[in-house]
Structures are given as structure tokens and as C-alpha cells.
Amino acid sequence: MNPRSRGQILHALGLIAVLVFTIFPFFWMVSSSFKTQADLLASPPVWLFRPTLANYADVFADQKVIDAVLNSLIVALGSTGLSVILGTPAAFALARYEFRGKSDLWFWFISNRFISPIVLALPIYLLGLQLRILDTHLVLILVYVTFILPIVIWISTDQFRSIPRELEEAARLEGASQFDIFRRIYLPLGLPGIAVSAIFGFIFSWNELLYALVLTRRAVQTAPVVATSFMSGYELPWGKIMATGTVIVLPVTIFALLVSRHMVRGLTMGATK
Amino acid sequence: MTTPSTRRRLAYGRWTPFWFLAPAVLALFLIGIWPTLFALVTSLRRYNITRPRDGFPFIGLDNYVQVLTDPTFWDTLGRTAGFFLVVMPIQVALGLAIALMLHRPGLGMLRSLARVSLVVPLATTYAVVGLLGRLIFNRDFGVANALIGLFGFPPIDWLGNPTGAFVAICVMDIWQWTPFCALIFLSGLSMVPVDIEEAARLETPSKWALFWQVQRPYLLPGFTAMLILRSADVLKLFDMVFTMTRGGPGAATELISIYIQRVGFRVFDMGLASAQALLLLVITVVLARVYIRFFYREIEA
Chain A
1 MNPRSRGQIL HALGLIAVLV FTIFPFFWMV SSSFKTQADL LASPPVWLFR
51 PTLANYADVF ADQKVIDAVL NSLIVALGST GLSVILGTPA AFALARYEFR
101 GKSDLWFWFI SNRFISPIVL ALPIYLLGLQ LRILDTHLVL ILVYVTFILP
151 IVIWISTDQF RSIPRELEEA ARLEGASQFD IFRRIYLPLG LPGIAVSAIF
201 GFIFSWNELL YALVLTRRAV QTAPVVATSF MSGYELPWGK IMATGTVIVL
251 PVTIFALLVS RHMVRGLTMG ATK
Chain B
1001 MTTPSTRRRL AYGRWTPFWF LAPAVLALFL IGIWPTLFAL VTSLRRYNIT
1051 RPRDGFPFIG LDNYVQVLTD PTFWDTLGRT AGFFLVVMPI QVALGLAIAL
1101 MLHRPGLGML RSLARVSLVV PLATTYAVVG LLGRLIFNRD FGVANALIGL
1151 FGFPPIDWLG NPTGAFVAIC VMDIWQWTPF CALIFLSGLS MVPVDIEEAA
1201 RLETPSKWAL FWQVQRPYLL PGFTAMLILR SADVLKLFDM VFTMTRGGPG
1251 AATELISIYI QRVGFRVFDM GLASAQALLL LVITVVLARV YIRFFYREIE
1301 A
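As you go down the protein sequences, you meet chains A and B in turn. Numbering-wise, my numbering puts 233 at position 233 of the first sequence, and it's gapless, one number per residue. Numbering-wise, my numbering puts 1284 at position 284 of the second sequence, and it's gapless, one number per residue.
Derived from the structure by calculation, the hints contain no laboratory data.
Some chain A residues near chain B, calculated using beta-carbon distances under 7 Å:
1) Val18
2) Gly87
3) Phe114
4) Leu120
5) Ile124
6) Thr146
7) Asn207
8) Val214
9) Pro224
10) Thr228
11) Val249
12) Val252
Remember, it's a predicted structure, so these values are computed and weren't measured experimentally. We put the beta carbon where it would ideally sit given N, CA and C, even for glycine.
Use the sequences and the hints to build the structure in full.
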């Protein structure tokens, strides 16, 4: 065998190893969700089994899971929507104007990406207790804005900067206000970037556990909280847990695949593209 | 500086940026700064919400003294650093290997499939990664034991012993975040101008020389970003470890965010937990500052 084709075989094997590495745990979750309890508890684990839909029937018959998915959806859409409404004008200002304190403001927006949720979870719990807004959608939506807003601002600023200034000349000559320019030129042209940032916002808020765990009780438990709550008792309902996990993970995985080209940009706040 | 004439050319007033920024600033102030100030006040009080009858008296810096002299706090910080030092080199090495494989020409189909698959771990809900970890590392029916059994090792009670549990959370973190490193390295590799890379390939048969002389400089900024972001993320790490081990057994996997959550929401000593959280915030803000210094120089200027 010549060295060239040997290299190619090694390359192919390496890539297959990468695929196995990234997909295996995901595959294991999905396949476990189709197993009966007996198959799940088999030792050694079984690879070939007769699939059952019982776990999914169980999950979709459980009002708690349905409610949790709805709660997650409300909170994720609410916090993402609010972040877009608040963030895009700010991004417009950062992209188009020069003013004092701009770099400090920028630093403050971006540094929210670094803050551990536990830092805010404690005081917001105490404030929420006093304001009687614990265990409401509102408190989660507001808290999630703290980490979604910076992403929206970052990605939208970047997008708005790439819009050529000449495009607003005509509008300005017609006497359009700055807000008109923002609304009629920047928002539509910046839509791709705004959409990407919204998808990131949705994914992050959908996946969040710590805030949801400490700021909710019963009424607005989100999907990750409910999935975690199955982890008690003597014999764990593994099939149901894995089916719930699959139900939670599948939609965000699809979303993430949609923005996979921008994954690095979103996760590093644009430090690498 | 804006002179009156440039202002007319730009056609906006002094206050225009203010109106566009006000909503976002106000919102982040109300849900970010105000609670942080509240935490600051709380950290100066004895604030155990299970004992409201004691009131919440101001006790000065007592909570801070207690945190700084609390061996458990330093242990958890040390454990968090240890966790970072275990997972980071592995993620960097694996990530680099994966990026180089994905960058190498040929095998288009398989290559794009592998590239897309990197998104899967990154998108998986962190809490679900923890639940999955409990299944995979189960002593009796976990697939991890089946795997090491193939090599003749006896089954291990991973989550039942301190070292095993620590290894298990490391493995799950490595699974989830190696793709992040791989994607950053890959984007660095694709920044190398094609003609330079081609010329280098013709000039030297050595892959190492190509990597070290040509590709490495393009990888360094991404590498720095990765180090800073991953260290911030490890300080934030809660969901996966909480669902997998709750910090146990004992305190074997109690990382800093898990510990503060326990003090705050299971011991309910809010004053002490607030002091801990604010010290964590200080570390984080330093990290953020460094990050921004490195990567947003044109905005600072």
C-alpha cells in the first residue's frame, strides 16, 4: 500500500472516531429512551433490543412534563424577544455613534457573558421573595435577559457595522429621523444577524438550570428542572428520564444545527469567527 | 470630538445615542446591577432566612472574614482549578487533533459530517448531560463499565467513590466542550491564506514544520480566547455536575458554583453565600477585563 492511501485511510478512521466521540452519548440517550426497564437495567448493556414507545407514551401522558415544556417555551421566547427589543437599538447606537464612555458600556455589556449565575441567583431570589414574583414566568424571563442581551448586542452590533453607511444617505436626505433609519434600514438589513443571535438566546435559555431551579417552585418549573426532579427515589425510571432528555435536547439540537456556521462566533462573543 | 459641523453632517444630536441605549442599560441595571448591590448589602449582614426571628443585623465584614478563613471555600476553589487543569489540556489536545483532521483536504462528505456533528455536544442541555452521565457511569448497567470490561478491567463504582466521580464529571465535560476547542482551532486554521499554505506544503514535506511555522500563529488568538472563556465557564459550571453528583460523594465534585449554591439554598446562609458570590464575581470581572483587553482593542481605542 502506498503511503498516500494509507494516510487517507488513517484520516478516514480519525474522522469516524470523531463522529463516534461526538454522537455516542447522544445516541445512547436516544436508544435508551426506546428501551424497556428490563433492557435498561441489563448488565452488560444491550445494544440490540426490541424498541418500545412506552417511555414516550409515559412522558406525553405526564402533565408535569407537558407543562414544563410549555414553561420553557414561554420563558425562552419571552426572554429572547425582550432581549431583541432591548438589544437591537443599543447595538445600533454602538455601531453608528461615537460618544463618551462607549468602551466602558461595551465592556459592561460583554462582561455579563462571564458572570456565574449563582452570583445573581442569590440576590434575585431574595428580591423576588420580597416583590412576590418568585415562581413566575416573569422572573425567569427577566433574569435570562442578563445573559441573552449581551449576545444579541454583540452579534447585532457586528452585523450593523457591516451595513454600508451610503445606504442611509438617501433616507437622511429625505429627512428621515434616526429612529426611522434604524427601523427601515438597519433592522431589515441586519435581520440575518439578529436571527442568529435570537437562536442563540433561545438555546441558552432553553438549556438553563440553575436560575430555574432556585427561582421556581411548582408553577413554572422548566423542562431541565423537571428532568432533574425524576432523579429521586429508589429505582429510577431511566427510560422516562432519557425520553424526557431526548424531548428537551432534540429541538435545540436542530436549532443549533441551523446556526452551526456561527457557533464559534456566538460562543466567543466574536473573538474568533 | 464632534464639532458642530460634523454633528450636522452626522445628523444626530448629542442625546440620540442615549435614547437608543437607554432601554438596554436600564434593563441591565435593574436586573444586573441592582441585585449585585443588594448582594453587597446582604453580604454585610447575618442573613439566614430560616431564622427570620434573629433579624438580619449588620455584622460588618464578618462574612468575608469567615469566607477567607473557611478551608472548604479554598478547597472548592482549588478543586475547581484542578478540574480546569485536568479538562483543559485534554480539550485543547483533542480539539487541535480534530481541527487538523477536519482541515486536511479530501474525504469531503465524511469531513463535513464530522464537522456538523461537533455541534451536538455543544447544544445538549447541560442538565441532561449530567443525567446521561449518571446512566453511562452507573456501576451495574453503565456503558462505561462495559467499555473498560472489554479491556479486562473490573467494573468500577464510578459515582460512589471520590476519584471515580471526579473522573466521570471530567469525562462528560471533555465530551461537551472539546468540540468548542475544535471549532475555534478550525476557524484559526481556515484563516491561513490558501496560497501560503499551498506554498509551504510544496516546500516542506514535514507536517510539523507546516504546523509550527505557518499555522500556529493563526491559532494563538483563538487559543487565548479558549483559555479565558473556558476558565470563566468552569467557574460557572453548575448544571451538569449538580444533576450528575450533587457535588458528592462527600465533597469530591463540589466545584465553586455548587458550593455557593449549597450554602445559599440548602444551608440558607444568604449573607455568607453572598460574600462568596461577590468574591467569585471579582475573579470573573478580572477574567472578563483580560478577555476584552485581548480581543476588543479596536473598540477600546
